[in-house]
Structure formats: C-alpha cells, structure tokens
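Chemist: Taking the hints into account, I'd like the entire structure generated from these sequences.
Note that the numbering used here has the sequence shown beginning at 37, numbered continuously upward.
Take the hints with a grain of salt, since some may be wrong.
Said to hold, decoys possible - If you anchor each label on the Cβ, the simulated ranges turn out as follows:
id : residue 1 : residue 2 : range
1  : Gly-117   : Gln-60    : 33 to 41 Å
2  : Gly-37    : Pro-128   : 33 to 41 Å
3  : Pro-188   : Asp-104   : 42 to 50 Å
4  : Ala-100   : Pro-74    : 35 to 43 Å
5  : Gln-60    : Arg-118   : 29 to 37 Å
Derived from the structure by calculation, the hints contain no laboratory data.
Please read all numbers here as calculations on a predicted model, not as lab measurements.
All C-beta atoms, glycine included, are put in the ideal place defined by N, C-alpha and C.
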Amino acid sequence: GTEDCAVAALVTNVLALLQGEMRQRQVRAEVRVPATLPPVRGDRVLLEQVLLNLLSNSLQAMQATPQDQRVVEIDADVLDGRMRIRIADHGPGIDASLAEQVFAPFFTTKAGGLGLGLNICRTIVEAHRGRLSFADRPGGGTVFTLALEISPP
37 GTEDCAVAAL VTNVLALLQG EMRQRQVRAE VRVPATLPPV RGDRVLLEQV
87 LLNLLSNSLQ AMQATPQDQR VVEIDADVLD GRMRIRIADH GPGIDASLAE
137 QVFAPFFTTK AGGLGLGLNI CRTIVEAHRG RLSFADRPGG GTVFTLALEI
187 SPP
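Modeler: Structure below.
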C-alpha cells in the first residue's frame with residue numbers, strides 16, 4: 037500500500053537486513069540522510085526492495101576493492117522539489133559501452149547472476165513516478181541516483 041515513508045527509516049531498515057553480508061564482505065556504510073527530510077510517497081516494501089538491490093549490487097561490486105576503501109556512501113537531499121537518494125560504491129565502475137544494457141532484463145555483469153535486480157528496480161521506481169539512473173563516481177566506482185516524489189504536505 038502507498039504511505040508516507042521516511043527516507044532515513046528506509047535506509048536504516050535495509051542496512052539492518054544487510055548487516056551480516058556487510059560484515060562478511062568487510063564493507064562499511066557512510067550514511068548522510070538528514071532526519072529533517074520530508075517523507076516520500078510510496079510502497080515501503082517495494083522502495084526498500086529497490087534500496088536493498090542497489091546496495092547488494094554495491095557490495096558485490098567492491099569484492100576486489102582494497103578493504104580500507106570498501107565504503108558504500110548513501111546520501112539524500114531534496115533537489116527541485118524531488119527527493120534524491122544516492123548510493124555510491126568504490127567498485128570498478130560500469131563500462132560505458134554497457135551503460136544502455138544495465139537496465140535490460142536478465143543483464144548481468146556477475147558470473148552466474150540472473151541480473152533481474154536493476155530491471156525490477158527501474159520498473160518499481162517508474163511505477164512510483166520516479167527515476168533511477170547511474171553515473172561514474174568521481175574517483176572511481178558507480179553512483180546510482182533514485183529520484184522520488186515527496187509526499188504532499
């Protein structure tokens with residue numbers, strides 16, 4: 037069901053689910069999500085699923101990253117009246133030649149992976165009238181940006 041979702045709570049819930057995997061993969065999270073942000077409108081379970089998939093991808097992308105650099109950065113702010121949530125990793129980045137395929141069904145850069153994650157994420161985000169995009173992270177890695185509607189006051 038659709039409800040007002042606090043971004044900080046969405047992030048906290050998902051990080052709690054990934055705690056074991058993050059410990060195992062020796063990745064730490066740096067979260068900059070102000071508690072003062074307005075809520076977003078949406079299905080909490082689906083939005084958490086999107087964040088979970090994006091964060092899982094970030095963890096896997098950093099397998100070969102030196103341990104002291106295995107950091108996933110999560111930040112959120114309001115830009116042009118929309119919520120912008122960014123998830124940045126320090127992995128190898130996504131090859132520009134693959135950029136268009138990343139959101140295609142069954143696309144994967146992971147050996148043995150089904151690659152359903154990003155396609156489903158984009159479908160969920162667009163059903164929320166949002167946008168999901170990615171870019172190279174300055175200094176190496178990938179930044180996924182999730183733009184969502186803010187709840188009407």
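Chemist: None of the hints should be skipped; say for each whether it holds.
Modeler: Hint check results:
no.	hint	verdict
1	Gly-117 / Gln-60: 33 to 41 Å	holds, 39 Å
2	Gly-37 / Pro-128: 33 to 41 Å	holds, 39 Å
3	Pro-188 / Asp-104: 42 to 50 Å	holds, 44 Å
4	Ala-100 / Pro-74: 35 to 43 Å	holds, 38 Å
5	Gln-60 / Arg-118: 29 to 37 Å	holds, 35 Å
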